[in-house]
Every structure is written in structure tokens, then in C-alpha cells.
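Trainee: In case you want the letters, here they are:
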Amino acid sequence: AQTVTQSQPEMSVQEAETVTLSCTYDTSESNYYLFWYKQPPSRQMILVIRQEAYKQQNATENRFSVNFQKAAKSFSLKISDSQLGDTAMYFCAFMKRQYGNKLVFGAGTILRVKS
Amino acid sequence: DVKVTQSSRYLVKRTGEKVFLECVQDMDHENMFWYRQDPGLGLRLIYFSYDVKMKEKGDIPEGYSVSREKKERFSLILESASTNQTSMYLCASSPPPQGEQFFGPGTRLTVL
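Protein sequence lines, in the order shown, are assigned to chains H and E.
Its first residue numbered 7, the first sequence is counted upward by one per residue in the working numbering.
Its first residue numbered 187, the second sequence is counted upward by one per residue in the working numbering.
Chain E with its partners taken away, still in its complex shape (with noise of 0.2 Å):
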């Protein structure tokens, strides 16, 4: 069984704070993606990675930075929270090319 691991389930943070989002997988995935979830959006992918230290900009990076150190691991950076980054954060995985994406259970950040 694939499993796709985020470090909180709930998270609540200050404005202006470094927040740290984990994620890590067991499948030897060489694809991770950070995905925002807001209500009547869906999902909007931040950041994905095709390799380690590889990474590109998804659809709304503004804001969030990303680091992957090694291949399990995939880290959403808020480098200064604001109220605006209130949400539902999902972590997925794949194989390459076209593989399906395995999500993690969802961290809701809260930051006031």
C-alpha cells in the first residue's frame, strides 16, 4: 500500500511566521506535488518535483517556496504566513509518466 504521510493534520500559526509543511512518501515516487484546497476551487497545484533538488512552479506559487533533499521527502515552505494562506495543503505522489497520484491526508492550516 502506498502511503503518503503529512507531518499535521491541524496546524495553527501567526502571521508573519516560517512555517515548515512535510511530507513524505514510501513508494520511491519520483514525482511529488503541493496542492491548495480551497471551497468552490478545488485544487490548485503550488509546487511539484521530478527529481531530488528538482522543482517547478505550479499554478499559484506566490508566496511558497519548496525544498526536496531527498527523493521521499517533500517540504512546503511559507517563508512569512499571512492570513490569505488559510487553508486545506495536499501532498500527492506518482511514478513517472503518467502514473496516479496518491494523496496524502491533508494538513488545515489556520494562520491568524
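Next up, chain H with everything else stripped away, as it sits in the complex (with noise of 0.2 Å):
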């Protein structure tokens, strides 16, 4: 079975800074896709990005990236100039590549931005 692990139960930064949030995961299989969800105050869960395992190249949105690495298997998310509304919950989720894309979640990261 695939377990998520996000070690930091909360974090905060300053407005504009730079914040970095950390993931790792268990599983033996080979082929599967990575997540960063966000979940605001408003309790929308909102995908932030994704990244699939057999590409090398890590993902990027705009001001959102991640550092993706395979064999130690970490998944982190490193998220720039940081804004007020990115205050929320962030789950790192993990997905098999196969038909049925059950998603695994981590515990989640409380995530306050400061200003």
C-alpha cells in the first residue's frame, strides 16, 4: 500500500517570501502521478499542480514548482513571493498509474501567510 507523509503540521512565512513544503512517499510501483492540492478557509479543495513520475523535468505554475525527486522519493512544493491568499491547507496526494485513479493523501500542511 502507498503512504504519503508530510512532516510539517504547520508552517508560516512573510508576505512575498519564499516557503518550502515537504513530501514524501512510500510505494514500489513505477509508474504513478504526484499532487499539491490547496484547501483555503472556503474548504474548496483546488488542484496546484502535478507531476508525473517518468518525467524527469520538474512541474511548474507560475509562481507554484516542485522539486521531484524519484529515488529518494520527495515531493516538495516550493512556493514563491508568497501571497495572503495562499493561506490554506496543502495536501501532497499520490495517484498508480492505472485505470481507477484513487488519490493517497498526506496528513496536510498548515500553510499562514504573514503580512
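Among these hints, one or two may not hold up.
To be verified - Reference excerpt, derived from the structure (chain E facing chain H, CB under 8 Å, subset only):
(1) GLY226
(2) PHE234
(3) VAL238
(4) MET240
(5) GLY249
Unchecked claim - Simulated crosslink set (SDA-like; lysine to any residue; CA at most 25 Å straight-line):
(6) LYS204/E to ARG230/E
(7) LYS204/E to THR269/E
(8) LYS241/E to TYR39/H
(9) LYS84/H to PHE288/E
(10) LYS243/E to GLU216/E
(11) LYS189/E to ILE263/E
(12) LYS102/H to GLY285/E
(13) LYS61/H to PRO281/E
(14) LYS189/E to LYS120/H
(15) LYS102/H to PRO282/E
(16) LYS108/H to LEU298/E
(17) LYS79/H to ARG230/E
(18) LYS243/E to ASN68/H
(19) LYS108/H to LYS239/E
(20) LYS189/E to ILE52/H
(21) LYS243/E to TYR39/H
(22) LYS199/E to SER48/H
(23) LYS108/H to VAL210/E
(24) LYS257/E to THR30/H
(25) LYS189/E to GLU67/H
(26) LYS257/E to THR191/E
(27) LYS189/E to SER34/H
(28) LYS84/H to ILE263/E
(29) LYS189/E to PRO46/H
(30) LYS241/E to GLN8/H
(31) LYS257/E to THR269/E
(32) LYS241/E to PHE111/H
(33) LYS79/H to SER34/H
(34) LYS120/H to GLY226/E
(35) LYS108/H to SER261/E
(36) LYS102/H to ASN270/E
(37) LYS108/H to SER273/E
(38) LYS204/E to ARG254/E
These are calculated hints, taken from the structure and not from any lab test.
Idealized CB from N, CA, C, for every residue including glycine.
From the two separate chains plus the hints, produce the assembled complex.
Mentor: Take a look at the structure:
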């Protein structure tokens, strides 16, 4: 069974600074996807970024980028130029590359952006 | 815009009551999911469905059942609610085979 671990329950960062959220996972699969989801206080889960394991290049979406280390089974999220609207719970998630796309989630990291 | 709606944002029920949580998606997605979210545990999969009338157990199906009579609607049923089912419930849908999951706004259920 796959497991996803987020070791930082809470983090804070000053507006305009950079912050990195950590995620490690355990799997014997070679083909899979990794995701970061954001859940703001409104509770609406939003996909932030997605990485396909067979791609060596790290995914980037505007101010959000990942550091994907497949051998180390590590998938961290970097948020640059943090904004107040980035305040949210962030979940790392794993999905096997097979029909039936079940997600396995980490426990989440609460990120607070301070002005 | 994909929209996943859930019937209630907040729900309070009594122990032993039968509870229905409804989820509707408007994008003709084959796959639908029910998750439970608890502090420190993240989201855990209760049940999922690949198609109408098809369902499979997730990681924590005990005490729950589901119904999918129409493609757009996926219901979660608590046959006899218990206090340990107090939680946030999130529904999601996605196109196959590995499409992004789109989430509803969640239902915060309290069982007294």
C-alpha cells in the first residue's frame, strides 16, 4: 500500500518570501502521479500542481514549483513570492498510473502567510 | 467550469439516524469518490464508483454505503449514524483514466 507523509503540520511565511513544503511517499510502483492540492478556509479543494513520475523535469505553475526526487521518493512544493491568498491547508497526494484514479493523501500542512 | 455540488454545507444528526449525503457533478465524469477528512489524517477514501451502478470500497468503508443510480449523482449513506462519523465529507469526480479530481465544497457532519 502507498503512504504519503507530510512532516510539517504547520508553517508560516512572510508575504513576498519563499516557502517550501515537504512531502515524502512510499511505493513500489514505477508509474504514478503526484499532486499538491490547496484547501483554503472556504474548504474548496483546488489542484495546485501535478507531476508525472516518468517525467524528469520538475513541474511549474506560475509561483508554484516542485522538487521531485524519484529515487528519494520526495516531492516538495515551493511557493515563491508568497501572497496572503496562499494561506491554506496543503495536501500532497499520490495516484497509481492505472484505471481508477484513487488518490492517497498526506495529513496536510497548514500554511499561514503573514503581512 | 467543472462543478461538483454537495447537498449541505453543515448537517447535524442524532446517533442511530440514517443519513444521506448527496453529490452531483455536471461534467459527465465517469469516476466519482467520497472522502472523509479528519485533522491529522488528511483525506481517506470511503467509496468510489467507475460508472453507474458500479461501486468499490475504499480504505474505510465500514459503516457506510453508496448509491449511484445516475451518472451525475453519487450518494453516501450512513445507515445508522454514530458519533465517530462526525467529520468533514468531500465528494470528487474525474474523467478516466487518470484525470484530475474535482472536489465539492464539503459537508461538515456532526453526529450527536
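Trainee: Take the hints in turn and mark each one as holding or not.
Mentor: Evaluation of the provided hints:
1. GLY226: With a closest approach of 5 Å, the GLY226/E hint holds.
2. PHE234: OK, holds: PHE234/E within 8 Å of chain H, min 6 Å.
3. VAL238: violated, 15 Å
4. MET240: violated, 10 Å
5. GLY249: violated, 20 Å
6. LYS204/E to ARG230/E: holds, 21 Å
7. LYS204/E to THR269/E: holds, 13 Å
8. LYS241/E to TYR39/H: holds, 23 Å
9. LYS84/H to PHE288/E: holds, 23 Å
10. LYS243/E to GLU216/E: holds, 16 Å
11. LYS189/E to ILE263/E: Between LYS189/E and ILE263/E the Cα gap is close to 22 Å, so the pair holds against 25 Å.
12. LYS102/H to GLY285/E: holds, 12 Å
13. LYS61/H to PRO281/E: Holds. LYS61/H to PRO281/E sits at ~22 Å (cutoff 25 Å).
14. LYS189/E to LYS120/H: This hinted pair is violated, its Cα atoms lying about 31 Å apart.
15. LYS102/H to PRO282/E: holds, 13 Å
16. LYS108/H to LEU298/E: Violated. LYS108/H to LEU298/E sits at ~31 Å, over the 25 Å cutoff.
17. LYS79/H to ARG230/E: Holds: LYS79/H and ARG230/E sit about 21 Å apart, inside 25 Å.
18. LYS243/E to ASN68/H: Status violated; Cα separation ~37 Å.
19. LYS108/H to LYS239/E: At roughly 18 Å apart (the allowed maximum being 25 Å), LYS239/E and LYS108/H satisfy the hint.
20. LYS189/E to ILE52/H: Judged against 25 Å, a Cα distance of about 12 Å means the pair holds.
21. LYS243/E to TYR39/H: holds, 21 Å
22. LYS199/E to SER48/H: At roughly 23 Å apart (the allowed maximum being 25 Å), SER48/H and LYS199/E satisfy the hint.
23. LYS108/H to VAL210/E: Since the Cα atoms of LYS108/H and VAL210/E sit roughly 19 Å apart, the hinted pair holds (cutoff 25 Å).
24. LYS257/E to THR30/H: violated, 35 Å
25. LYS189/E to GLU67/H: holds, 22 Å
26. LYS257/E to THR191/E: holds, 14 Å
27. LYS189/E to SER34/H: Judged against 25 Å, a Cα distance of about 34 Å means the pair is violated.
28. LYS84/H to ILE263/E: Not satisfied, since the Cα-Cα distance of roughly 39 Å exceeds 25 Å.
29. LYS189/E to PRO46/H: holds, 17 Å
30. LYS241/E to GLN8/H: holds, 21 Å
31. LYS257/E to THR269/E: Violated, because 31 Å separates the two Cα atoms, which is more than 25 Å.
32. LYS241/E to PHE111/H: holds, 21 Å
33. LYS79/H to SER34/H: It holds: about 10 Å lies between the C-alpha atoms, which stays within 25 Å.
34. LYS120/H to GLY226/E: The hint holds at about 23 Å.
35. LYS108/H to SER261/E: holds, 18 Å
36. LYS102/H to ASN270/E: Measuring from Cα to Cα gives roughly 30 Å; hence the hint is violated.
37. LYS108/H to SER273/E: holds, 20 Å
38. LYS204/E to ARG254/E: Holds, because 17 Å separates the two Cα atoms, which is no more than 25 Å.
Going through the hint list in order, the structure does not satisfy hints 3, 4, 5, 14, 16, 18, 24, 27, 28, 31 and 36.
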